[in-house]
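Colleague: Quick note, the sequences are listed as chains S and U, same order. Quick note on numbering: the first sequence equals residues 1 to 521 in UniProt numbering. Quick note on numbering: the second sequence equals residues 1 to 521 in UniProt numbering.
The set of hints was computed from the structure by calculation and includes no laboratory data. None of the values given here were measured: they were computed from a predicted structure. The beta-carbon is built from N, C-alpha and C at its ideal position, and this holds for glycine as well. Any given hint could turn out to be false.
Claimed, not checked - Selected chain U positions facing chain S (in silico; Cβ < 7 Å):
id	residue
1	Pro116
2	Pro243
3	Thr327
4	Pro359
5	Thr452
6	Phe454
7	Phe458
Claimed, not checked - Just so you have them, the derived chain U footprint on chain S, three or more residues with Cβ under 8 Å:
id	region
8	213-222
9	226-240
Number of protein chains: 2
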Amino acid sequence: MDGIDITAPRRRRAGGRRGHAERAGTAVHEQMPFRQPRNPDPPVEPLDAEGVQAIHRGVLRILSEIGIEFLNPEALGHLKAAGCRVEGTNVRMDADFVTEMLSRAPASFTLTPRNPAHALRVGEGYMAFGNVSSPPNYWDIHTRKQSGSMLRFRDLMKLTQHFNCIHFAGGYPVEPIEIHASVRHLDCLFEKLTLSDKVMHAYSLGRERVEDVMEMVRIAGGLTHEEFEAQPRMYTNINSVSPLKHDFPMLEGAMLHARRGQPVIVTPFTLAGAMAPVTMAGAVTLSLAEGIAAISLLQWIAPGCPVVIGTFTSNVDMKSGAPAFGTPEYMRATQMTGQMARFYGLPVRSSGVCAANVPDGQAMWETGQSLWAAVQSGSNFVYHAAGWLEGGLIASPEKFVMDCEVLQQIQRYFDPALWATTEEDIAVDAVRAVGPEGHYFGTPHTQERYQTAFYQPFLSDWRNWEAWDAAGAIWTAERAYTLSRRIIDAFEAPPMDPAIREELSEFVARRKREGGAPTDF
Amino acid sequence: MDGIDITAPRRRRAGGRRGHAERAGTAVHEQMPFRQPRNPDPPVEPLDAEGVQAIHRGVLRILSEIGIEFLNPEALGHLKAAGCRVEGTNVRMDADFVTEMLSRAPASFTLTPRNPAHALRVGEGYMAFGNVSSPPNYWDIHTRKQSGSMLRFRDLMKLTQHFNCIHFAGGYPVEPIEIHASVRHLDCLFEKLTLSDKVMHAYSLGRERVEDVMEMVRIAGGLTHEEFEAQPRMYTNINSVSPLKHDFPMLEGAMLHARRGQPVIVTPFTLAGAMAPVTMAGAVTLSLAEGIAAISLLQWIAPGCPVVIGTFTSNVDMKSGAPAFGTPEYMRATQMTGQMARFYGLPVRSSGVCAANVPDGQAMWETGQSLWAAVQSGSNFVYHAAGWLEGGLIASPEKFVMDCEVLQQIQRYFDPALWATTEEDIAVDAVRAVGPEGHYFGTPHTQERYQTAFYQPFLSDWRNWEAWDAAGAIWTAERAYTLSRRIIDAFEAPPMDPAIREELSEFVARRKREGGAPTDF
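Next comes chain S alone, as it looks inside the complex (with noise of 0.2 Å):
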């Protein structure tokens, strides 16, 4: 991958089983590679340019004569210093300073984790998928739903870990409900770090659990502070509390990742109907006041820091108040977040998200229709691409697996080898020598190429009806559970050096000791 800035990782702590990682799993089942793909589609963009002033126009009006709600302190007297029109918590920012602080953010920048070789590039077209975050539910078609555990968060980070179509990792892939709450971010870095080797997430959910988050991914990285402060490392994702108000702890967690060079994902959850106008334009505008505003502040305290703008507008279900997901609405808001974003210079994240509760034909057609609008507009990081059920309640081993055979079929997709037209992929030679009566298989252009020539997928059963049904008619969500079982049950971590997991756990200990960090937020 060009262009990625690698820097590797103090040498006396690497080396080892490098590599290793990519290869474990390949006795349950084969896969593509880990390589973050580039999308080389023009995106859709349905607005026309006045469409996109218009938007703009609104998202100015916004900000400068509506205001945002900053509920944190710190924030107010910086966005107070900056020039900005500060009444009590309300924040109006003119359109010259917020023109300012958007030319400062980098339209693309590289996160590397411990692991150098999944060091992911976010913007410039390349496209990195993450795991399901922070269902408090998990179902799968034996247990049913439960309540999120320990055990089944160690279940689904193995499968992120194992998937390379997965690159990075989000939230908790389930809520551990059964640690508390104070020590719960120790317990379950602690296992993503050595359950994983890819990009690692902080809740921004206060200050001590920012802080304990970014000392463990520096420790599991063998990073001295500078190396850490140095480049991307980690990110945060916040998200506004629509309409038109940033909280307290969000707004810490994400001035604490600026000022240490650490990316924000700014995503705004605007709901059309809900909390946010019933018109998918209007609910895009706020959405982008609200994101713009935020990336405003990080801009001007630690100027040219990495940020994301992300999207989650979608629409309710005006009969029954539940959102909706993947819809046709839920598409053209992404494209147009995503037409906005660039026109604004940031790298943009969407998601893979569905309202369906079990992981059936409803599920992948509004899981697919959201994972196509992601690559439609243009998104460059595109959280909950695996796993997520019930409009991100449940957590579901199946819905990963099944959804990481669409996301290795979106990879294949972005191949330029599909539509190569050399003269060898034009093949008149061969069709000359087949003529009307041959066949291709045997030919020696199709048995040079036959091997590489065809996406295979690990899940999809292709075989006819009769042979599906002698081997047990199973369905593909039966199917995906099984395979999950056998990833997990063969898993193996990735390497890391003793030394490091020793750090770890000794860092882990002494926090919970002092009593981990306030619950009270």
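Fit chain U to the supplied structure of chain S, relying on the hints for placement.
Modeller: Chain U in isolation, oriented as in the chain S frame:
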């Protein structure tokens, strides 16, 4: 729909309960009205200018250097008269002839069935979706796989007529194998024409069948022979016998259609690595060469006759030889064919297809990817868009209903209301009025719009897990089965003048007395 030339049928037979078909079924579930959608997105075009030229050169080389087999003496005679080089059944066409013939083909045309409210524009960015065609088998969750029958044929035709997102009737939605092949077309067309008033199809399986179907479509429309031939009333689809061949009955049927002004869709079936080169550009080039050869013949004998170029290029599973559908390779082949069709000035047909055996997650990601590829490729006519399983060997009512949910969403996705950016859409005043503490549901801005703001699914279940579980925890396929039975049970046929129905019956009876059609093709 602007620009459609709708010729009313003879008045003495028209009238009656016009519009009834649209209202029928609203008691079972709500759906969007019958309306042909227009695709507003620019197509995804993988090929650069040199890639287009490379494929075009390959097409011309195949046509001029290798030649296509035309297994039909009449066709050979025409092509010889046209100046093509004919040796035995091999016909070579030079670039000038092909270019001249392609220039005769219209870029768009209108298909008008017996109910002119169901007329379809083919071309100009319009899309039309049809039901699954020609599976020999039927499957539902209760019967499992069984041979096709007239009972199931009727069931599936009722779904075809019921769903407004299905614009035309393809071939038989399942083969009624208990009916002898000599008279099957008579019984099938009687059922199709009385159960549906949408655009009809004829199989090009010999002169007698084609002429019978044309006569029945003419009678059903209450048309004189002159009125029938004055504009497109129905269509046929022919496949080549890849590689490089067109067979006798397909050519005969195509020529019969062209001479009477009825559209011919030419759809080579080229599986890369089997009957076509293993490279996708090679398979597309061969497919285009075969298709253009037939189109050139038709434009020679009936200049300006309406034609469509079809794509059915996918890949095989190189392990089993099984065809794969809805793969990344399939998507790119469809996009490339669409791009080349625009280069040649032809409308394009593609399909909604999958390799899955049951209507589960795999079925929906594969079919979804093929349907979105139809959108991305700028396809005008989409075969098999609802009900297809097992690579086309099974028709399923569950899958039909599930696909229609996706098709409605695609059609909603095209609605410019989703990205409208008027001042009212941007909604800064509503944002100001609601402020940071409010909720948008009760606002006038929302109340004025909420009933039409968002797509309303008829099959997706958006309840939370607990409500869904309490209602029986029904997975999508089972919900779809139940809905399909309710639709079929409540079905009311569209109105037909009793005199026309009688004339159709008499025609079928007479042709049966005459022995039907030969079965030795």
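Colleague: For each hint, tell me whether it holds in the structure or not.
Modeller: These are the hints, each one checked on the structure:
1. Because the closest C-beta pair between Pro116 (chain U) and chain S is about 29 Å apart, greater than 7 Å, the hint is violated.
2. Of the supplied interface hints, the one on Pro243 (chain U) holds, with its beta-carbon coming within about 6 Å of a beta-carbon of chain S, less than 7 Å.
3. Taking 7 Å as the C-beta contact cut-off toward chain S, the hint placing Thr327 (chain U) at the interface holds, the least distance being around 5 Å.
4. Given hint, Pro359 (chain U) at the interface with chain S, holds; its Cβ is 6 Å from that chain's nearest Cβ, closer than 7 Å.
5. Because the smallest distance between the Cβ of Thr452 (chain U) and any Cβ of chain S comes to about 10 Å, over 7 Å, the interface hint for this residue is violated.
6. At its closest, the beta carbon of Phe454 (chain U) sits 4 Å from a beta carbon of chain S; the interface hint therefore holds under the 7 Å criterion.
7. Annotation: Phe458 (chain U) was flagged as interfacial toward chain S, and the flag is violated, the nearest CB pair being 12 Å apart, outside 7 Å.
8. Counting residues of the region 213-222 of chain S whose beta carbon lies closer than 8 Å to any beta carbon of chain U gives 0, which falls below the threshold of three, so the coverage claim is violated.
9. Given a C-beta distance limit of less than 8 Å, the hint that chain U covers the region 226-240 of chain S is violated, as 0 residues qualify and 3 are needed.
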